[in-house]
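Undergrad: Chains A and B, in that order, give the protein sequences. For reference, each letter of the first sequence is one residue, going 25 to 323 in the working numbering. For reference, each letter of the second sequence is one residue, going 25 to 323 in the working numbering.
It is worth saying that the hints were derived from the structure and are not from the lab. Keep in mind it's a predicted model, so treat the numbers as computed, not measured. No incorrect hints appear here.
For each label pair, taking beta carbons as the anchor points, the in silico distance ranges come out as:
1) Met-164/B / Pro-155/A: 15 to 23 Å
2) Arg-27/B / Gly-237/A: 28 to 36 Å
3) Phe-166/A / Val-32/B: 38 to 46 Å
For each residue, glycine too, the CB sits at the ideal point set by N, CA and C.
Number of protein chains: 2
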Amino acid sequence: MARTLSSVEDYKELVDRYDTWLFDCDGVIWEGDHVIGKAGDTLQYLRKQGKRIFFVTNNATKSRASNKGKFDKMGIECKVDEIFTSAYASAAYLKTVLKFPADKKVYVIGEKGIEDELDAVGIQHSGGTNPDDNVFIDLMDFSSITADSSVGAVLCGLDMHMNYKKFAKAFRYLRENEGCHFMATNLDSTFPTHGTVHPGGGATVAPLSCALGREPLVVGKPEAPMLESIIEMHHLDKSKMIMVGDRLNTDIAFGNQGGIATLMVLTGIDKREEFEKEGAVARPTYVVDALGDMAALAQ
Amino acid sequence: MARTLSSVEDYKELVDRYDTWLFDCDGVIWEGDHVIGKAGDTLQYLRKQGKRIFFVTNNATKSRASNKGKFDKMGIECKVDEIFTSAYASAAYLKTVLKFPADKKVYVIGEKGIEDELDAVGIQHSGGTNPDDNVFIDLMDFSSITADSSVGAVLCGLDMHMNYKKFAKAFRYLRENEGCHFMATNLDSTFPTHGTVHPGGGATVAPLSCALGREPLVVGKPEAPMLESIIEMHHLDKSKMIMVGDRLNTDIAFGNQGGIATLMVLTGIDKREEFEKEGAVARPTYVVDALGDMAALAQ
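Let the hints inform the model, and build the full structure from the sequences given.
TA: Structure follows, in structure tokens:
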């Protein structure tokens with residue numbers, strides 16, 4: 025049963041217990057273009073207490089540097105190294121967990137955000153924004169779908185340049201190259217923007233999953249690899265970590281599956297009845313109405 | 025238990041029993057560029073006996089007229105009206121079964137084969153090969169993803185020009201337009217060509233299924249709509265119909281699910297042990313080694 029926190033004593037106990045705080049942003053820290061309540065003050069308080077802070081997002085289209093721009097604009101303190109996008113986590117996972125060989129390359133179906141992060145960790149890649157792969161092939165013209173034994177992984181993320189050539193090439197590598205990893209930054213079916221939703225990262229990997237008849241290793245929330253990457257890179261202690269989020273099926277499930285504590289805020293997608301009902305997809309350890317409520321600690 | 029036919033008497037009994045013969049082509053009539061044994065002679069014999077013949081293929085990229093070209097090249101007699109592609113069946117299903125309104129249009133994610141068949145039955149369409157929809161949109165530029173309340177169905181088939189703009193538009197129509205039908209010509213995960221396989225029609229519809237969280241109505245084998253269209257258009261008697269094919273999970277399942285008899289030939293994909301084993305995906309009514317064996321009737 026989730027424990028609801030509502031007093032300064034409750035907040036104090038929570039802050040004392042956890043050293044490393046992971047945050048989802050949308051619906052927790054901000055909504056659209058405005059900060060939610062005193063969320064910024066709570067973050068500042070945690071920093072003053074010497075807590076480690078990470079921002080964890082499934083968005084794989086932008087590099088961490090681009091993501092930092094949003095924090096700057098919102099007036100929220102943030103270092104690039106504190107941002108974990110599913111693109112960065114994918115690169116980190118390939119590098120640190122899979123020990124991806126230096127002479128192999130990753131075939132990318134995705135945007136520049138993924139390429140930037142692979143570059144940052146020194147992993148070679150093809151596909152992605154390469155103009156040769158961002159074209160339409162003629163019906164039944166497979167002349168450009170050639171073998172490439174140097175491809176050791178296919179990594180898919182939201183790609184507004186997704187096309188048949190990329191899928192046919194990736195499919196060939198995955199069928200022919202022994203041990204070729206099949207990975208996705210995230211499987212979000214849609215993503216919200218401008219008051220509506222559009223097909224998300226899951227839609228980009230779906231054609232390959234269908235053709236192959238199997239599912240990719242998923243790096244982003246709610247799957248485990250992103251958390252494993254953060255822990256591996258920063259040598260963290262799971263018992264001292266807490267994930268803060270507004271969505272049960274991504275943020276809270278991410279913490280549950282990864283074996284760390286979770287704090288649910290009610291300023292975003294999911295409401296209290298969602299996790300209190302029978303058969304809830306995930307259950308938070310703690311609940312607070314809004315992240316900004318904890319700013320009372322600073323007074 | 026499938027009954028194996030091997031004598032002229034067996035063949036004669038079969039021919040006497042069924043008036044309407046549906047044929048899969050690849051692996052039954054031809055393989056690549058050559059006719060399999062005396063399959064052509066068997067077809068000629070059936071015609072002489074006054075049988076109705078239909079050729080049933082999941083290929084949705086070519087019109088029936090284009091498909092006839094292959095028959096002509098192989099020296100197999102065939103009329104355009106005898107060819108049922110999943111594109112033609114989709115158009116026929118929209119027209120005759122769904123009574124698709126004349127003032128609505130179908131948004132196509134697919135090749136010219138689908139557009140030609142919609143034209144043939146007088147159904148309006150957009151998307152498809154329209155140059156405006158065969159482009160890549162810039163990252164997060166949704167300015168061209170506008171509403172269109174005149175779209176009453178989205179029809180997906182193998183599309184080598186599949187792209188994010190088409191999926192985002194189709195997704196919007198399916199979410200916003202009440203009663204908008206979500207259809208796929210077929211869900212083949214791959215298709216064989218030139219000794220290898222590439223992502224098939226199922227891969228083209230997968231992004232939409234993922235984004236929507238639901239599956240389309242599938243017209244092609246092994247689903248029922250293609251058979252319903254054939255029966256509806258030609259006023260056929262199911263008890264007098266037989267489907268001839270080489271694949272259990274498409275051809276034979278198609279006959280099983282549609283409630284018509286099936287004849288399995290062993291010149292293609294599946295072998296005898298596939299349907300004799302426990303838990304077989306489908307079971308043929310009759311089996312013959314090769315369609316050409318029945319040409320003995322003509323002697």
